[in-house]
Amino acid sequence: MKASWWINGRLNRNPWRPLRCRGRCVGLGPSRMSSEVVQTEQRKANLEAITRLGFAAYPNQFETTHSVSGLVEAYRDKTAAELEAPRVDTVTAGRIVSIRSFGKASFVVLSDGRSRLQVYVRQDALSERDYQLSKLLDIGDQVGVAGHLFRTKTNELSIWAAKLEFLAKCFLPLPEKWHGLQDVEVRYRQRYLDLIVNPDVRRVFETRTRTVAAIREFLNGHGFLEVETPMMQPIAGGALARPFVTHHNALDMNLFLRIAPELYLKRLTVGGIERVFEINRNFRNEGISTQHNPEFTMLEFYWAYVDYRRLMDFTEELLSTVARQVIGTTQFPFGDHTIDMSAPFRRLSLRDAAAERAGARLGTTVTVEELRHPDSARQLAVRLGVAPPKGGGAGKVAAAIFEALWEAELVQPTFVYDFPTEVSPLSKQKPGDPDTVERFELYVGGFEVANAFSELNDPVEQRRRFEAQLADRAAGDQEAHAMDDDYVRALEYGMPPAGGEGIGIDRLVMLLTNSPSIRDVILFPLLRPRSAE
RNA sequence: GGGCCGGUAGCUCAGUGGUAGAGCAUCUGACUUUUAAUCAGGUGGUCGUGGGUUCGAUCCCCACCCGGCUCACCA
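Position one of the first sequence corresponds to residue 4 (this note's numbering), numbered consecutively onward.
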């Protein structure tokens with residue numbers, strides 16, 4: 004007895020676990036069962052009664068003429084008179100999300116995940132069998148309804164039910180109708196519940212899908228070819244990050260989940276695909292935050308014969324077009340701000356902006372030259388209270404100073420351009436300035452959304468950069484870039500000058516949906532599994 | 001990984017060193033146009049886990065688990 008009690012208690016605390024105490028719970032009596040188990044037993048009894056009425060417990064299909072949201076969209080504005088002549092007969096299906104019962108009549112609200120529609124169920128409009136079914140329905144059940152549209156006394160669009168069909172039973176109680184599901188942990192772990200109960204969640208993910216579709220349409224319209232490149236790679240390159248490791252059994256070799264598609268896409272520009280893009284997942288073995296999920300979706304595109312300046316203009320056009328297409332405007336709320344995604348975006352030279360802000364912070368004049376020399380740059384970092392990076396020279400320090408002084412306040416779209424070569428192993432130097440590369444990052448909402456540069460296509464210089472990265476790696480930088488001989492060999496065949504850019508899709512969607520956390524725009528964000536007990 | 005905050009009924013949340021509370025959900029009864037329906041009456045909890053202090057712990061202390069925010073790192 005004690006053991007059964009304990010099992011019930013455990014089930015209470017782990018509602019996402021399948022029920023395992025069937026049989027053991029039976030016979031304990033209501034006083035010994037948790038509310039959830041009681042409700043499950045009641046719903047199982049209801050299902051048995053439903054099958055005794057002759058309904059299949061799990062029918063295989065149900066032919067509808069309309070979806071719930073289709074009906075709502077088509078007839079939302081029709082008056083009661085318009086719904087009568089001619090009468091609109093319909094067959095639809097959905098999940099019951101609410102029941103208001105009045106004895107021999109009831110109002111049942113059906114949801115198809117996008118919209119909700121009320122169904123009016125009354126005894127004298129149904130067969131006795133269907134009426135008996137209606138009394139055995141629980142909130143959460145899947146049902147089919149045939150009937151005609153009308154408006155109630157309170158003018159609500161409704162279906163006057165003539166027939167009911169049972170489609171599937173919901174054994175577990177849904178979260179409360181008014182407050183919905185608030186517990187973010189449960190929302191992420193059981194996203195299906197979140198989708199059932201919180202209508203805005205569906206809209207966020209529809210916006211996400213429309214965003215990706217709009218980007219595809221834009222790039223296709225500009226002559227870019229969409230491709231798919233390896234996500235399991237022998238060398239994880241194209242970014243500075245730690246990869247996940249996996250293993251191929253037949254080849255008995257380790258593979259890395261990609262941290263970026265960059266090097267493969269650039270091989271394709273060598274192969275003559277002058278405009279190419281890919282939208283897919285990257286994997287980086289790093290911490291989790293409101294802006295980081297270990298797997299995230301990235302757009303990367305490469306465009307032969309253009310440089311990073313052309314990419315800035317193109318990015319402005321891309322993002323303002325996508326915003327207009329997806330949410331209908333280039334001005335939208337994000338937290339306490341209103342972001343204006345219309346072109347042109349602000350442009351800040353990294354070292355100029357860092358020097359200017361550093362000078363203002365310290366009440367002196369700081370020159371760009373100070374940021375270019377390792378000793379003076381490090382001293383500057385110390386005076387500013389910025390923790391200087393462990394290894395590396397002036398470039399890493401300058402980038403760290405910029406981020407510390409500027410990043411959080413870059414809410415309106417801002418291009419930060421001209422990065423130190425040291426932190427950009429795949430970017431092309433500016434003519435006459437080998438310490439600086441033609442690279443920019445786009446900040447919006449206080450975080451980085453895009454990263455782009457004129458692509459380094461000089462194989463000798465590329466090999467030198469990789470070797471410098473190997474030195475960093477030897478010095479303990481686990482995120483330093485690995486040597487990729489095959490990639491250098493591809494460059495030796497001659498890669499056209501090209502601009503390339505990566506845009507973080509998740510972060511872009513955060514902006515367009517006013518979501519404060521990346522987990523709100525990823526259906527199943529990575530969470531630590533519940534312990535096995 | 002560090003700091004701060006949280007975990008109490010299926011859901012949303014109160015609360016106290018002395019047998020655990022509300023609303024919704026659920027059950028019973030009434031009710032054939034409701035909108036968080038209403039009315040009456042019930043059921044439902046090892047208060048995240050494990051130790052400790054105490055006559056007694058859901059509450060105090062310690063450790064751990066899970067989550068949130070934040071810093072560090074990154075896109």
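Errors might be hidden in some of the hints.
[To be verified] Computed Cβ-Cβ distance ranges for the label pairs, DEER-style: (1) Y496 to A171: 54 to 64 Å; (2) A171 to D489: 33 to 43 Å; (3) A171 to R125: 20 to 30 Å; (4) D461 to A244: 21 to 31 Å.
I should point out that these hints are in silico values taken from the structure, not numbers from a laboratory. A virtual CB, placed ideally from N, CA and C, is assigned to each residue, including glycine.
Evaluation of the provided hints:
1. Y496 to A171: 54 to 64 Å: Distance hint for Y496, A171 holds at roughly 58 Å.
2. A171 to D489: 33 to 43 Å: violated (53 Å)
3. A171 to R125: 20 to 30 Å: holds (24 Å)
4. D461 to A244: 21 to 31 Å: Between D461 and A244, where Cβ atoms are some 24 Å apart, the hint holds.
In this structure, only the earlier hint numbered 2 is contradicted, and the remaining ones agree with it.
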